[in-house]
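Peer 1: Protein chains in written order, with this note's numbering: chain A, 1 to 900; chain B, 901 to 1500.
FYI, nobody ran anything at the bench for these hints, they're computed from the structure.
Computed from a predicted model, the values in this text were never measured in an experiment.
Take these hints with a grain of salt, some might be off.
Computed list of lysine-lysine pairs in DSS-like fashion (alpha-carbon distance at most 25 Å, straight line) [unchecked claim]:
no.: 1; chain 1: B; residue 1: K927; chain 2: A; residue 2: K814
no.: 2; chain 1: A; residue 1: K175; chain 2: A; residue 2: K76
no.: 3; chain 1: A; residue 1: K347; chain 2: B; residue 2: K1114
no.: 4; chain 1: B; residue 1: K927; chain 2: B; residue 2: K1032
no.: 5; chain 1: A; residue 1: K153; chain 2: B; residue 2: K1032
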Amino acid sequence: MAAHLKKRVYEEFTKVVQENDPSVRLKIASLLGLLSKTAGFSPDCIMDDAINILQNEKSHQVLAQLLDTLLAIGTKLPENQAIQNRLVDVACKHLTDTSHGVRNKCLQLLGNLGSLEKSVTKDGEGLAVRDVQKIIGDYFSDQDPRVRTAAIKAMLQLHERGLKLHQTIYNQACKLLSDDYEQVRSAAVQLIWVVSQLYPESIVPIPSSNEEIRLVDDAFGKICHMVSDGSWVVRVQAAKLLGSMEQVSSHFLEQTLDKKLMSDLRRKRTAHERAKELYSSGEFSSGRKWGDDAPKEEIDTGAVNLIESGACGAFVHGLEDEMYEVRIAAVEALCMLAQSSPSFAEKCLDFLVDMFNDEIEEVRLQSIHTMRKISNNITLREDQLDTVLAVLEDSSRDIREALHELLCCTNVSTKEGIHLALVELLKNLTKYPTDRDSIWKCLKFLGSRHPTLVLPLVPELLSTHPFFDTAEPDMDDPAYIAVLVLIFNAAKTCPTMPALFSDHTFRHYAYLRDSLSHLVPALRLPGRKLVSSTLSANITPHEDPSHQFLQQSLERVYSLQHLDPQGAQELLELTIRDLQRLGELQSELAGVADFSATYLRCQLLLIKALQEKLWNVAAPLYLKQSDLASAAAKQIMEETYKMEFMYSGVENKQVVIIHHMRLQAKALQLIVTARTTRGVDPLFGMCEKFLQEVDFFQRCFIADLPHLQDSFVDKLLDLMPRLMTSKPVEVVKIVQTMLRQSTFLHLPLPEQIHKASATIIEPAGESDNPLRFTSGLVVALDVDATLEHVQDPQNTVKVQVLYPDGQAQMIHPKPADFRNPGPGRHRLITQVYLSHTAWTEPCQVEVRLLLAYNSNSRLPKSPWVEGGEVSPQVETSVIEGTIPFSKSVKVYIMPKPARR
Amino acid sequence: MPEIRVTPLGAGQDVGRSCILVSIGGKNVMLDCGMHMGFNDDRRFPDFSYITRNGRLTDFLDCVIISHFHLDHCGALPYFSEMVGYDGPIYMTHPTQAICPILLEDYRKIAVDKKGEANFFTSQMIKDCMKKVVAVHLHQTVQVDDELEIKAYYAGHVLGAAMFQIKVGSESVVYTGDYNMTPDRHLGAAWIDKCRPNLLITESTYATTIRDSKRCRERDFLKKVHEAVERGGKVLIPVFALGRAQELCILLETFWERMNLKAPIYFSTGLTEKANHYYKLFITWTNQKIRKTFVQRNMFEFKHIKAFDRAFADNPGPMVVFATPGMLHAGQSLQIFRKWAGNEKNMVIMPGYCVQGTVGHKILSGQRKLEMEGRQVLEVKMQVEYMSFSAHADAKGIMQLVGQAEPENVLLVHGEAKKMEFLKQKIEQEFRVNCYMPANGETVTLPTSPSIPVGISLGLLKREMAQGLLPDAKKPRLLHGTLIMKDSNFRLVSSEQALKELGLAEHQLRFTCRVHLHDPRKEQETALRVYSHLKSVLKDHCVQHLPDGSVTVESILIQAAAHSEDPGTKVLLVSWTYQDEELGSYLTSLLKKGLPQGAT
């Protein structure tokens, strides 16, 4: 828009370029760079000038800045090959500059713009062929470490831009691993990793021997070596990259866990077994036994070497590193490698289990999560289980819950193991009663995974006796419930188990099945009728009748258009009821059913509103009736916001329909107000706003408009030119007729849709003791809630506190308060500060969770904002509205007057 | 020939009384000044008479460096400085300076009060000796005198342990003291930069050991203690008051806290409290975890660990006791050991190295019947466990450090000869550097080739840099300049400046050469032919044809003249200055080949 203006600005700049002070020139150069980054400015016009200035410039800093500007220009014009070549030439020319800053920028430019295709320079003299990789590669041995780093980074940049690096770089990069400077080493590790991913299978010779190994193995060994580097930055880098080297051969991989196995790279084929024998005979002592470090007989010096290089014990080192950053990186890498190699998973188990005792909680947590991720590859031995379970006594809640999650998907090998786990979990329960739900859930999975192991334990667990009746345990005891959850879930796939139950167990089963239905499955018990289990026993999910039912109900609504208003209303009401019931019965369909039902409810409200008498009666009489219609409009708006923001998995085609519905609601609002207010002036503004909305809709969903044939908006857009010029009264009239004529749009069902929901676990709202605090001061209230299917909870979930005086307070929890225990699930553990003036009586405040939304965040940004300095965060954090999505919990508080 | 000489007075192929003399660049430095645990006679201290028989030590030593506060590294210090006599500076780190006198005092008490030794250093001597100490910070370069400088690096091992780099000019020696390459519960790992010293003197206590993962050890340790306590047994852990003790305390403390255990843990001796105080103070010397969390809670403020009283040993029920000394050779740990040895429920865990001859060494070697003083025989029924918690680097750690520092030579001390032999072989094979392992009193001499610094003027450097095109590490670069040697001071300057400084006039050196060319044409034409030929061959150079008929290439002059005898032959006179030697000789060889026939 303002290109000419900018050009003008630029001309002003060029006048000042003759400035004597280098710092002024520097600033101008940087401004030119910024200028060429802005939208709507075609930077090719300033390029020539910039290059000219470059040739006469003496100050290194200004040179560097100018090159930076050229880089900005070059990245702005990615298609123009000629310009790119020209810039590359300029960069090459300045590569010999004495200042590291200039060389750095040149390399950066080469990395960003240089192409692999050999470009022939037009003028016939000089070297005709340019190989960017070769040029950059030459600077790997620059005298300045910063330039070396920049050269490697440029190379990586080339790779990122999709150019294939030569394999010859590998050897150069390997040399850089022993550089004196950490940033060079760190970048070199990355480069080696990149090359190893490009040429994993090519063969490289091992120096000082005539053998060869795969490149990826060689690179793996080298990166492993860097795990014991002097600088922790390099160590973190190396440990991280190890995780993604999945092509490495398994024997190299397994060496990483064995510090003692000093198998040398040089003669691995010949010396591998010999080395193994050597170490089982113990050349080195382990430090566990006294006196086993007496040297044995001399060994052939050629047989063992290279304590230093190779993959040996890389992870052993990484996991006991001083810096926890390295340890975490190592654990993550271990996780990734173990996921791809079951045999490695088995081997690394001991090390992971050891990490459960780390001194930093984060590391412990990370290793528990890792273990969970690889748990389908492994079976825990009893002694490992023992160590794992010991962590249950940890005082950190996160750790315990992560461990429960882990136990949910662990395979245990023996019945003693199950027993041990149960005992430890019960111990955990008595020590930390708040873990109740988590422990029950854990036992549920433990039971259903190991029915055959639970079976022999049943009599002991239920303390039944073959001859004597035993006392009936207390039904409210959480520990007893825990045991029952384990047994019932095991019994689901083990039909012989119920025979071992005593009478009261059956009674308890019935009770728990009702009260804790999510934990206790339906069992086929003798003499009991079980409707659901007999029905759904052998039906494949494909032809699931409930899904069919859902489809049918929705198809029924298609015919809505042909029904009279009364019939349509009835049909909608019926369908909504069906859908709601279905959602309750079938949890996996709840999202879809709810979503559709909400949409239908909107339609129902719209139809109802349009059926109101108010449209027929004369103006003065409708004042009262209009309440209903405007209420309907308001409710439709609310529902559409819920549809848009409370469901995860909503796709664009649904969003269009939702927005369309909202537009209809706005239209309704407009015509209702038009009828109820006198005078034209307020109407004027409203009409304009409405037309803006329509315009907005058109701009946002232009691609989807063809799908909206015959719809309200379709017709409206046809008449748009007329509307723009009409008077408000006429506009209202047109809109009204449009709205009445509009057809019902069918809502396509998304693949996967889930309704966001939240449950506040704490505060439980049961306490009769008020929280007392001095008025004017604050009291901290612990809030613990689970969130399901919430996208981006860090930005959207808020806590609301409602005081009895109607005052409402919204609290933004810190991003760190959200944990992510599993896909689609989040957990909010935060503190809410309450405060109020003094009360005479204790009273209840309500705490609930809100979902904040901002419908503008979806829309494309207006072009003039794009290049500006407005940070995106400012924009998205604006809250347009909120939707409560949890039940509110009452908290009893009592602010006391301050003592004087 | 300059050289570095190293003579161990102690710790040469031995553990104990570390004391190493180093002569480097004309400076004499003594590294550590320790005592030997195994001896009670004169052999317990290094033989300082080696340095000088008569005359004060101060005249022979430039400084003394103490690596850390263990008695085998600093035990002989008061004897050395006060009784033998040394007034020069003694360097050590701040924590060492703080804790060292406590240990020395303790050592003195045992020697004098318990054993009744005479002629031992007194408390006052310890105080006087500590007055000579200069404390250094990590990575601080301390100038001992104009030429000698020292620098400390973190070494792990115990609180305040440091490695020292001793540097004279371009020659340097690194002495590691004792160090640990794996971090533990309270200290970080040793670290050194790539300082490439001429000699690295490293300890080699665990020359033949590659230890398991530290975590396995910790887990085993905790499991054993936990089991014994659950059984109702008593656990004795003999430790030295400082170092391992703190690590194990932290380990047990956190375990107790996490597992909510109730059995009491005791720590013997009052010395510990004082020392713990220093541990709380020197937080910057500890590991990442403690450094990061000490604001919330200082890890050295123990909740579960209480002071031990002698009467507690007879209390019923389980308990864990840390008692000194660590090798069960005397003191409280031995007393408790005698009380508890008879019960098989009890357990003793030896967390570190035991010197031969101590009770600790005996029971670890599997002896079940011990002869105590007074002909008593003690039957050991309790469980004996060994767990290497010594904070020394293992073989891999030593190799790692050698790799990090990249020394030219390695010298092993503080280890057993046999094991050293093994490690020496490994190091020589792995790093291709010389490795030495002198015995006590044996001198190792290393010839060095110190580099001589030469100053170069910036103008010259820049000018020469600008001439070359691309940097190429493989090719050496030729630099033209003049070397001026003036009062042991070397400078490289451009020749013009050298002339100016020395007040000399410049002499022109010109080479002339005649080239005979068979060409019947006239001189002018010949010159023209030469000109066009050279122009086509030497594209990069400026070739000119002057009006007087001569041709110049840069500053080289070529004149054609007719041969006096043979008119068919022309003589080309080529003349160039010394500076253009390269181009000039190239030109003559070019002209000698003759002119191409095709050219007119």
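Peer 1: All the hints need checking, so say for each whether the structure fits it.
Peer 2: Tested hints:
no., hint, in the structure
1, K927(B) / K814(A), "violated, 61 Å"
2, K175(A) / K76(A), "violated, 35 Å"
3, K347(A) / K1114(B), "holds, 17 Å"
4, K927(B) / K1032(B), "holds, 19 Å"
5, K153(A) / K1032(B), "violated, 52 Å"
Consistency with the previously given hints fails for numbers 1, 2, 5, ordered from lowest to highest.
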